[in-house]
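Student: Chain by chain, the residues:
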Amino acid sequence: MREVSMKKKKNIRTIMKREWPLHVMLLPAVILLAVFAYLPMVGIVISFQDFVPSGGMKGFFTSEWVGLENFRYIFGMKDFRQVLVNTLVIAVLKIVAGIAVPLVLALLLNEVKNRAFKKSVQTIVYIPYFLSWVVLGGILVDILSPSNGIVNSLITALGHDPVYFLGDPNTIRGTLVVSEVWKGCGYNMVIFLAALTAIDQSQYEAAKVDGAGYFKQMLYITLPGILPQIILVTVLGLGNILNAGFDQVFNLYSPIVYEKADIIDTFVYRLGMLNLQYSVSTAVGLFKSVISFVLITISFTLAKKFANYQIF
Amino acid sequence: MKKKLVLLLAAAMLAGSLAGCGDGADSSEGGAEASGGSGAGVSEDGEVDPRFKYDEPVTLTSYFEISPAIAGDWNQETTLNSVYYTRMTEETNISIDWEWFAAQTPDDSEQKKSVAIASGEIPDFMIVNSSQLSLLAKSDLINRDIGKIFEKYASEELMSWTTGEGQAALESASYGGEVIAIPLVDSSIDMLPMMWIRRDWIEKLNLEMPKTMEDLYNVMIAFRDQDPDGNGQDDTIGMVFHNLFLSAGLGDAVGLFNGFGAYPTIWVKDGEDKLKYGSIMEENREALDYIAKMYQEGLIDQDFSSNDEVKASEAAASGRAGIQYGLMWNANWPLNATVQNDPEADWVAIPIPSATGSEAMPQTSPRITGYVVVNKNCEHPEAVVRLLNFFVDKYAYSGDEYNDYLVEDSNGVMTFPLHWVMLKTWFPLKNLTIHQHIVEALEKDDASALNAEEMVSYNDIQKYLSGDIVTSYGGMKTFGNDMAAFDTIQHYYDNNLFLMNEFTTGPTPTMGQKMSTITDKVMEYYTKVIMGIESTDNFDAFVEEVNALGLDKITEELNEWYANK
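Those protein sequence lines, which keep their order, are chains P and A.
All the letters of the first sequence, read from the start, carry residue numbers 1 to 312 under the numbering used here.
All the letters of the second sequence, read from the start, carry residue numbers 1 to 565 under the numbering used here.
Hints in this document: simulated from the structure, not taken from any laboratory.
Treat the hints with care, since some could be wrong.
Keeping only pairs whose Cα atoms sit at most 20 Å apart, straight-line, the calculated PhoX-like set for lysine-lysine is [stated by the list, open to error]:
hint	chain 1	residue 1	chain 2	residue 2
1	P	Lys78	P	Lys260
2	P	Lys288	P	Lys260
3	A	Lys274	A	Lys565
4	A	Lys553	P	Lys78
5	A	Lys138	P	Lys58
6	P	Lys119	P	Lys78
7	A	Lys521	A	Lys274
8	P	Lys78	A	Lys424
9	A	Lys152	A	Lys424
10	P	Lys58	A	Lys444
11	A	Lys293	A	Lys138
12	A	Lys274	A	Lys293
Computed, partial: chain P to chain A, Cβ under 10 Å [unchecked claim]:
hint	residue
13	Ala37
14	Met41
15	Phe48
16	Asp50
17	Phe51
18	Gly55
19	Lys58
20	Thr62
21	Lys78
22	Asp79
23	Phe250
24	Leu271
25	Tyr278
26	Val280
Covered by chain P, per the in silico footprint, the following chain A stretches (three or more residues, Cβ under 8 Å) [said to hold, decoys possible]:
hint	segment
27	139 to 150
28	373 to 380
Since we're looking at a predicted model, the values are computed, not measured.
For every residue, glycine included, the Cβ atom is placed at its ideal position computed from N, Cα and C.
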């Protein structure tokens, strides 16, 4: 036993000796994570308190403890249930569309023989991914405006009534999902394209000899070939099921569509930052974190099982 | 009586303010000996000079909120170098160090303030809303003696503005019996419900102005049946009425409920120093039966439940209805439209009729635009009061000096830059005073005593009197001397006929959670009763139901706050 651990220690020492520059390079990221992600976790205590601010951390010690009162409160809130449903619906739609659309795009693009065309399409599809929602939000509000937006000009030119995409509870979810997919599909598309290049070309040649057309080749070679990546992306998406996208929703929603578009993160923001219900808002946030933690654990287990993907 | 006294004082101060300004030299001496401590501006014999000047420069930190009204072309340099701020520093030796400038919206300034409160790092003074105040009240971040400091240093004008409508404003800023913030007030008597009625119809049908609810019923029947518009058609109804009838504005029923001594939507004392929600008061029963009868007999539109106030008000504008409950601005819109169709249309305002035998008391809520809280570590809390004194002096009582402060607004008009000033308050009786001055000027036929603002309304009324009744209708009917809106408000004010909402804090926990469900339930039940689907026989069951929905818990929480006030 002792020998083994001695050996291990030695190993670590030699590894460190060899790899220390890499660890130093990692350090800033670790510090940032510690300061902005781990340290603030102390604040979770206020979800079990009736928090009254009294200068910095002092409030943590002076506030009254109320046990699970805040959690009882949020589950009794009519709005909270609606917000939970909104979050789930929007997130699931985004995850599904966020895989299907890039997959189709990647498959189509894969068939394109003209290299220049392929590369330029790839770049154009990828560009919106790098834009912030603050910028895109402003652009979308203009483009989708029912009075002078370009989309509605088209709709009215075709003889239909203008659609208030961002102000109508019936269209807001669709608008959120479509715009998210448009913005983010480049990323998954690139993952799929990369996976496609890894497929052994001789399989296609063999299939052709056996008389398989494009469609059959796709069904029996391409899709099975990138299945691990599809599963991976899907499974990792599970962990995000309660993240319906604060940046996007915050920049696109308004009080008239709260009933359909208000998600947990925006709800927490309004409760805590605008209504000063710090404790309740922290309780909602903690609730979300716990569920997300469970989901991420499940998704990593599944990822390891089906796609042999592992971080730890 | 007390209010009259305050008014008198205010008027006296108008004359005295010039003398006050002249004292500047003396006061700086007074401040000399005590400026190091909290006794700034106190002379040797203990007299406080509200217009004192610090010997040493004093800097206060605070936040600058940019009103949406000026957000488009606001310029920081222009604002801070304006005459208002430079002269403020010259005359008081106080300057303000703005920690940030942010748009006055929930997502900008409110969010920043919320973060500041949560982290406990608030500036020397900041302006908060009622929710923020009730949270700060429980914390130990703010100076709780500010009420006493305010009392000591406030100029008589500032005090008369703040208490223009009684103690309600200061009481709303108190916690544990102490005033812990300075309320910045607006007018709540301007929001008192009144009744608008067509005098030409009354005269034509040989009726009297209704004083009781029974009178009102008879007048409505006459308006419906006796063809007051004389077009030979049976096309008139009794009263304008819309689906959100508990929101005071126009064509609502708040004044009608008040006529029965019922006070829906506000919190009132139930006799023994406890608060009670007005919508479940027993008195509502009678009021609801009355409206249900109106509905049944076709005195109000049968499809009121799908009409909002704008839609419903068309009945008044088009000459189908000659009565509506509403507020003082109704003659500016939509009632002015009536006269465009019918030059005879003569809307007048009268106090709301009563069913109780004595005069009815209309309801209103204290209107407070914000509360100034002062950091407990701020060394010169009295400086905040000094700055408010400065504002009141310069804005309202500075004579010719007033012109120095004017700046051009986006329409090219020279105005006092109210949006540039954070520490500002209002004289709640301002509109009423304008009315009084105009009435006086009309009686004497001499407008020389009127100020610039009053002149605008006065000229409008002169135009009306010389025949331009269409464009100047609103001016005459609001500020004029012939049964105008402010004649009614004057009547309420003189006779102390108004009931203030006692709810002046932020929403209680259960309120935030359940109140919208409760108000929805109340509207649903009231509407059903009016339409005959439900009956007031079930009023007790309805009260039980809303209590079960959380109202009893809310009442409990609110009474806890009320007892601590």
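Student: With 10 Å as the cut and Cβ atoms as the points, is Thr62 (chain P) at the interface with chain A?
Tutor: This hint holds: Thr62 (chain P) lies near chain A, its Cβ roughly 8 Å from the closest one there, short of 10 Å.
Student: Measure nothing beyond the straight line between the CA atoms of Lys274 (chain A) and Lys565 (chain A); if it is 20 Å or shorter, mark the hint as holding.
Tutor: Within the cut-off at roughly 12 Å; holds.
Student: Count the residues of the segment 373 to 380 of chain A whose CB lies closer than 8 Å to any CB of chain P, then report whether that count reaches three.
Tutor: With 0 residues close enough to chain P, the hint is violated.
Student: Has the given pair, Lys288 (chain P) with Lys260 (chain P), been kept, meaning a C-alpha gap of at most 20 Å?
Tutor: 19 Å, holds
Student: Tell me if the interface restraint on Lys78 (chain P) is satisfied: Cβ within less than 10 Å of some Cβ in chain A.
Tutor: 6 Å, holds
Student: Does Tyr278 (chain P) meet its interface restraint, that is, does its C-beta lie within less than 10 Å of any C-beta in chain A?
Tutor: 6 Å, holds
Student: Going straight from one Cα to the other, do Lys58 (chain P) and Lys444 (chain A) come out at no more than 20 Å?
Tutor: It is violated: about 66 Å lies between the C-alpha atoms, which goes past 20 Å.
Student: Report holds or violated for the interface hint on Leu271 (chain P), using the least CB-CB distance to chain A and a cut-off of 10 Å.
Tutor: Interface hint status for Leu271 (chain P): holds (9 Å vs cutoff 10 Å).
Student: At a threshold of 10 Å, is the proposed contact between Met41 (chain P) and chain A supported by beta-carbon distances?
Tutor: Violated: closest Cβ of chain A sits about 16 Å from Met41 (chain P), beyond 10 Å.
Student: For the pair supplied as a hint, Lys78 (chain P) and Lys260 (chain P), is the alpha-carbon distance within the 20 Å limit?
Tutor: Holds - the C-alpha atoms of Lys260 (chain P) and Lys78 (chain P) are around 14 Å apart, at most 20 Å.
Student: Go through the hint on Asp79 (chain P) and say holds or violated, using the shortest Cβ distance to chain A against 10 Å.
Tutor: 8 Å, holds
Student: For the pair we were handed, Lys293 (chain A) and Lys138 (chain A), check the Cα-Cα distance against 20 Å.
Tutor: 49 Å, violated
Against the hints set out earlier in the document, violations occur for numbers 6, 7, 8, 10, 11, 12, 13, 14, 15 and 28.
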